[in-house]
Amino acid sequence: MKLTKENAEQYLLQMYQIRAFEEQAEKSYMAGKIHGTMHLSIGQEASAVGSISTLEPTDFIIGHHRGHGLCISKGADLNLMMAEFYGKENGYCRGRGGSMHIADIAGGNLGANGVVGGGIPLAVGIGIGLKMQAENRVLLAFFGDGAASTGAFHESMILAVLYQVPVVFICENNQYAMSFAANDWTTSKKIAAHGEIYGMAESCSTDGNDLLEVQSAVEAAVKRAREGGGPSLIVNDTYRWRGHSKSDRNRYRTKEEIEDWKKKDPIVKFRKHVVAKKILTEKEAETIKEQAYADIEAARIFAEASPEPDVATLEEGVYAP
Amino acid sequence: MREITYLEAIREAMTQEMERDSRVFLIGEDIGEYGGAFQVTYGMLEKFGPERILDTPITELGLTGAATGAALIGMRPIAEIMFMDFTTLASEQLVNQAAKLRFMFGGQSKVPMVLRTPAGSGTGAAEHHSQSFENWFVHVPGLKVVMPTTPYDVKGLLVSAIRDDNPVVFIEHKLLYKTKGDVPEELYEIPLGKADVKREGKDLTIVATAIMVQRSLQAAEELAKEGIDIEVVDPRTLRPLDTETIVNSVKKTGKVLIVHEAVKTGGFGGELAGIIAESEAFGYLDAPILRLAGREVPIPYNRNLEYNSVPQVENIVEKARELANLRV
Numbered sequence: 001m002k003l004t005k006e007n008a009e010q011y012l013l014q015m016y017q018i019r020a021f022e023e024q025a026e027k028s029y030m031a032g033k034i035h036g037t038m039h040l041s042i043g044q045e046a047s048a049v050g051s052i053s054t055l056e057p058t059d060f061i062i063g064h065h066r067g068h069g070l071c072i073s074k075g076a077d078l079n080l081m082m083a084e085f086y087g088k089e090n091g092y093c094r095g096r097g098g099s100m101h102i103a104d105i106a107g108g109n110l111g112a113n114g115v116v117g118g119g120i121p122l123a124v125g126i127g128i129g130l131k132m133q134a135e136n137r138v139l140l141a142f143f144g145d146g147a148a149s150t151g152a153f154h155e156s157m158i159l160a161v162l163y164q165v166p167v168v169f170i171c172e173n174n175q176y177a178m179s180f181a182a183n184d185w186t187t188s189k190k191i192a193a194h195g196e197i198y199g200m201a202e203s204c205s206t207d208g209n210d211l212l213e214v215q216s217a218v219e220a221a222v223k224r225a226r227e228g229g230g231p232s233l234i235v236n237d238t239y240r241w242r243g244h245s246k247s248d249r250n251r252y253r254t255k256e257e258i259e260d261w262k263k264k265d266p267i268v269k270f271r272k273h274v275v276a277k278k279i280l281t282e283k284e285a286e287t288i289k290e291q292a293y294a295d296i297e298a299a300r301i302f303a304e305a306s307p308e309p310d311v312a313t314l315e316e317g318v319y320a321p
Numbered sequence: 001m002r003e004i005t006y007l008e009a010i011r012e013a014m015t016q017e018m019e020r021d022s023r024v025f026l027i028g029e030d031i032g033e034y035g036g037a038f039q040v041t042y043g044m045l046e047k048f049g050p051e052r053i054l055d056t057p058i059t060e061l062g063l064t065g066a067a068t069g070a071a072l073i074g075m076r077p078i079a080e081i082m083f084m085d086f087t088t089l090a091s092e093q094l095v096n097q098a099a100k101l102r103f104m105f106g107g108q109s110k111v112p113m114v115l116r117t118p119a120g121s122g123t124g125a126a127e128h129h130s131q132s133f134e135n136w137f138v139h140v141p142g143l144k145v146v147m148p149t150t151p152y153d154v155k156g157l158l159v160s161a162i163r164d165d166n167p168v169v170f171i172e173h174k175l176l177y178k179t180k181g182d183v184p185e186e187l188y189e190i191p192l193g194k195a196d197v198k199r200e201g202k203d204l205t206i207v208a209t210a211i212m213v214q215r216s217l218q219a220a221e222e223l224a225k226e227g228i229d230i231e232v233v234d235p236r237t238l239r240p241l242d243t244e245t246i247v248n249s250v251k252k253t254g255k256v257l258i259v260h261e262a263v264k265t266g267g268f269g270g271e272l273a274g275i276i277a278e279s280e281a282f283g284y285l286d287a288p289i290l291r292l293a294g295r296e297v298p299i300p301y302n303r304n305l306e307y308n309s310v311p312q313v314e315n316i317v318e319k320a321r322e323l324a325n326l327r328v
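Chains as they are written, first to last, in my numbering: chain B, 1 to 321; chain L, 1 to 328.
Source of the hints: derived by calculation from the structure; they are not laboratory data. Model, not experiment: these values are computed from the prediction. Honestly, I wouldn't trust all of these hints.
[Claimed, not checked] Straight line, CA to CA, 25 Å or less: simulated DSS-like cross-link-like pairs of lysine-lysine:
id : chain 1 : residue 1 : chain 2 : residue 2
1  : L       : 251       : B       : 131
2  : L       : 198       : L       : 251
3  : L       : 252       : L       : 202
4  : B       : 263       : B       : 278
5  : B       : 255       : B       : 277
6  : B       : 131       : B       : 223
7  : B       : 264       : B       : 283
8  : L       : 110       : B       : 88
9  : B       : 131       : L       : 110
[To be verified] Ranges between beta-carbon positions, derived for each pair:
id : chain 1 : residue 1 : chain 2 : residue 2 : range
10 : L       : 188       : B       : 58        : 29 to 39 Å
11 : L       : 274       : B       : 314       : 13 to 23 Å
12 : B       : 314       : L       : 191       : 24 to 34 Å
13 : L       : 326       : B       : 245       : 55 to 65 Å
14 : B       : 179       : L       : 197       : 52 to 62 Å
15 : B       : 314       : L       : 3         : 41 to 51 Å
16 : L       : 127       : B       : 1         : 48 to 58 Å
17 : L       : 197       : B       : 316       : 27 to 37 Å
A virtual CB, placed ideally from N, CA and C, is assigned to each residue, including glycine.
Turn these sequences into a full structure, and let the hints guide you.
This is the structure:
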């Protein structure tokens, strides 16, 4: 895809919105405004924005539990997202799903998933449906390196190839499945190799902190899927700066390792690139950053002012009428 | 009316619904050329082609998730799990995903799918091919659970299940597949959540599920010779449950025996007993609510041991006679 000024603005804005959303999420949690837990993708923004920037608005995504970035990349309304994070009635899921289950069905986001690997079999079925509906739509199915160990992943790869579904499977390899390091069979190349083993047309790894490299790989896979060429598997190698969830004490990795990865900040990398290429000025880039943080502050205010669900409605929505 | 088997009635319901609605498709193991392990889908591949009869490798989790995902974007899949025992492998997608997607997305979506699966013992298939897990799924808000017992019911209930906008676990008993009955050729619906009084009586009520409905009806004929008049109620759908029909029957007879094949502990009978005890029928009871259910063992291979693992007609006769004669 050509990197126009308009595109560069959008990608930078979305990456900053993701960063700002998650920093705000953390602050709200620490302030005791949120209960439960959350899984932050700070440091992984280029994987989400780079991948989803290749889609048409009518295409679909399905996500995983670390999915705030995916929602924003697919064009979620930040107010409704933050309201959901706060468990409010006017959130995307009426406060029933929270951080781990944000979905925007009308916007083509078929939902985040609380079970590691749980969304991958769904992706195969969505692919089967899309193929039957024959409207040339595709699905990006996101999961993490932890999910690549599950039976759900392996069964789904087999079915996806068998039915030649228009799905691009994207593994966001952030190096750790909770505390289990991706240093054995789950290393990037080994996950990607499954695409070849199971007979996909293409599988590869990318520098997941390089938005343009991610975009280029996913763009080719999306095109192939749309033209009936079947599924692909792409592994975006990246890193989560924060712990797995709020219970994480970071016992399994060193401060030095985290600091090393922070030097590879995907937002800084992209910003430096577009400034160096004179697509954006430093001032324009800074204005975009300020805009993103202002958007999230507005979303926070919206969410905090939003109504709580009425307990009288508790049992609504379990069954379709 | 024309007589066909329970198995043929299932095939006819699926075939006619697929002819009527292009969103309906089948997915499952060996459902194509093989015709399914019990031949339920025999001939459907020839009729509809591999685009709508999706034969899968052995991937219970994967195929159940695939059905769920397809339903999420507006298709109406029917998944077949070859034996109910293997729903253990499919449960993550069924229980965590299919059942919850609508609620946890705040009502944005629906999951109109059917998961068909044969349950029950009596075929000598031993521990891994004989179980009745209906109550595991009854326990999950978001799922519907149907257990039809006659050829007429199975067709009408399956049509309703396919047209329902929720995930439906549709449990077929293997020993019923070859039973025959009157079934209309045209499409018809039997609403989910509506019980059926299979035999009217005044002395006591038997609430039974699956093959136990047939056995209870036989037991009722035996006891009629002794002057004991038994009413047999078939819930047909366990979730949602037609409590009204059950409660009314118990109010009428004052005595109730619950019969199911699944193991008694944690079985659906406990739920039924609880519902009756909490209802206005309690005041009408002339005796304790009794349960007759599967023994507390896995289903064994040996013919005689297998036979004795679950209620048989003579056990129902004995228990019902005991209850009929009980005065508290």
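*Hint numbers contradicted by this structure*: 1 and 5
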